[in-house]
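*Asks:* Single-letter residue listing:
Protein chains: 2
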Amino acid sequence: MNTKESEMQQQIMQAAEELIMDRGFDATSTTDIARKVGCNQALVHYYFRTKENLFQQIFVKNIDAVLEFLDAYQFEGSVEDIVKKIVEAYFSVLSQHRKLPFIFVSQLLSNDDRRMFVRDYIVENERRRRVYYRFDGVVQRAVASGQIRPIKTLDLFMNIVSLIIFTFVSLPMYMDWLRKDEQEVQAYLQERQEEIVRSIVYSLRPL
Amino acid sequence: MNTKESEMQQQIMQAAEELIMDRGFDATSTTDIARKVGCNQALVHYYFRTKENLFQQIFVKNIDAVLEFLDAYQFEGSVEDIVKKIVEAYFSVLSQHRKLPFIFVSQLLSNDDRRMFVRDYIVENERRRRVYYRFDGVVQRAVASGQIRPIKTLDLFMNIVSLIIFTFVSLPMYMDWLRKDEQEVQAYLQERQEEIVRSIVYSLRPL
DNA sequence: ATTTAATTTAATAGACTTATTAAACCTCCG
DNA sequence: CGGAGGTTTAATAAGTCTATTAAATTAAAT
Chain A
3 MNTKESEMQQ QIMQAAEELI MDRGFDATST TDIARKVGCN QALVHYYFRT
53 KENLFQQIFV KNIDAVLEFL DAYQFEGSVE DIVKKIVEAY FSVLSQHRKL
103 PFIFVSQLLS NDDRRMFVRD YIVENERRRR VYYRFDGVVQ RAVASGQIRP
153 IKTLDLFMNI VSLIIFTFVS LPMYMDWLRK DEQEVQAYLQ ERQEEIVRSI
203 VYSLRPL
Chain B
3 MNTKESEMQQ QIMQAAEELI MDRGFDATST TDIARKVGCN QALVHYYFRT
53 KENLFQQIFV KNIDAVLEFL DAYQFEGSVE DIVKKIVEAY FSVLSQHRKL
103 PFIFVSQLLS NDDRRMFVRD YIVENERRRR VYYRFDGVVQ RAVASGQIRP
153 IKTLDLFMNI VSLIIFTFVS LPMYMDWLRK DEQEVQAYLQ ERQEEIVRSI
203 VYSLRPL
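If you're matching them up, the sequences are chains A and B in order. The first sequence begins at 3 in my numbering and counts up by one. The second sequence begins at 3 in my numbering and counts up by one.
Mixed in with the good hints, there may be bad ones.
Where chains are identical, the list cannot tell them apart; a pair therefore holds if satisfied intra-copy or between any two copies.
Derived DSS-like pairs (lysine-lysine); straight-line CA-CA distance at most 27 Å [what the hints assert, rightly or not]:
1) Lys63 <-> Lys154
2) Lys182 <-> Lys154
3) Lys101 <-> Lys154
4) Lys86 <-> Lys154
5) Lys53 <-> Lys101
6) Lys38 <-> Lys63
7) Lys154 <-> Lys87
8) Lys86 <-> Lys38
Since the hints were derived computationally from the structure, they do not count as laboratory data.
With the sequences and hints as input, model every part of the structure.
*Replies:* Structure follows, in structure tokens:
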């Protein structure tokens, strides 16, 4: 039992991640994963025992990546600067992995156990919650100093996340319904990013 | 072949709608539907032939309901009034059917055919598109008159929808992770509704 | 009352799923 | 060389799912 993951194990996880991110958890069978890797289906179970377990490992990996990303910011500067940085950061990641928000959300909604699993992983963990607390501090100081209008941190957080997430979640509709090609989508995402920053920042102007 | 749907057919559709709205399309089997109604599983196929067909009928019913709802507004008054009305309207419907936004979105994302089906149903239909055009007129007039800052109608539309939809989509996380009971959720939704209106309206203030 | 038509059921085909088991295949160490 | 252990495979159990078929039942109509 190596502590190092074998080559094959990584390949399987990689393939599984791509397939799940592309088609969702339920629509991805262990047979699909094996076919993509080019190995036997039983091998997926040999390394991960259950499909659920495989999913959780992928999930945790992605959560860690996002948290680390956010944590890297020292949250310096004005709220405006921070909002801009957060939006930029999310957009740069999600532009590469457009379906991630949807998969993330859908898996958390359809399955109570997984929701609890994430709660234990993030919310119940002091170190991981720190990211939010730091943000809270910055926002409430800005409110107190009159730099921005009064707003609850949770509301501001929800606003930011809503606008970002939904942009990507609705992207397939934008493309198909308005018949946009890849180039137009790129431009749209860029404009949308700027507009989101504007909308948030403007909505925070003192009365 | 009656033009009027039989009693049983309606029961099946009703049961299917409830189950699908609660658990999603994939997680709802025709057997589940039949069990809920108390009839034989084959009867579901007798009336609707395929599960996909059953789903589409439910989908169209809900789309029509939403569009009719929005169309009922004459879009009079300031942009501020209209935004407030739209948000209120959505919240009043979605509070009763909290999972609707998620089911709606997830079904549109996971299945290309369904996305095309909706495109043909809404986007390609002049009468149904009218709702959006009317909104566009109001917004651009308000921009031209300097009543609100310059903004594309699509951006404003996306902002409104994002904030509303994501509130409901993330509700299960809010409840489980922050351990909120039903009463607290009610209050949260009320506050969130007001905050969304505030955020939108403030974000539109002229520079 | 008998025939016709619509509804409902039981049974089942056929295709997938996840997961397990035992056997085969390597690779490396003594 | 020979066995030991980790790796990979084929085979398959046991379950799910949609959809179809033919038979049974009910209702309506002449």
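*Asks:* Indicate, hint by hint, whether the structure satisfies it.
*Replies:* Do the hints match the structure? See the list:
Taking identical chains as interchangeable, the C-alpha atoms of lysine 63 and lysine 154 are never at most 27 Å apart, the minima being 30 Å within one chain and 38 Å between chains. In this assembly of identical chains, lysine 182 and lysine 154 lie within 27 Å of each other by CA distance solely across copies; the values are 17 Å between and 37 Å within a copy. For the identical chains of this complex, lysine 101 and lysine 154 are inter-copy neighbours only, at 25 Å across copies versus 29 Å inside a copy, given an alpha-carbon limit of 27 Å. For the identical chains of this complex, lysine 86 and lysine 154 are neighbours both inside a copy (18 Å) and across copies (20 Å), given an alpha-carbon limit of 27 Å.
For the identical chains of this complex, lysine 53 and lysine 101 are neighbours both inside a copy (20 Å) and across copies (26 Å), given an alpha-carbon limit of 27 Å. With identical chains, the CA atoms of lysine 38 and lysine 63 are at most 27 Å apart within one copy only, with a shortest distance of 21 Å there and 39 Å across copies. When the C-alpha separation of lysine 154 and lysine 87 is checked against a cutoff of 27 Å, the pair qualifies both within a copy, at 20 Å, and between copies, at 23 Å. Neither within a single protomer nor between protomers do lysine 86 and lysine 38 lie at most 27 Å apart by alpha-carbon distance, with minima of 39 Å and 50 Å respectively.
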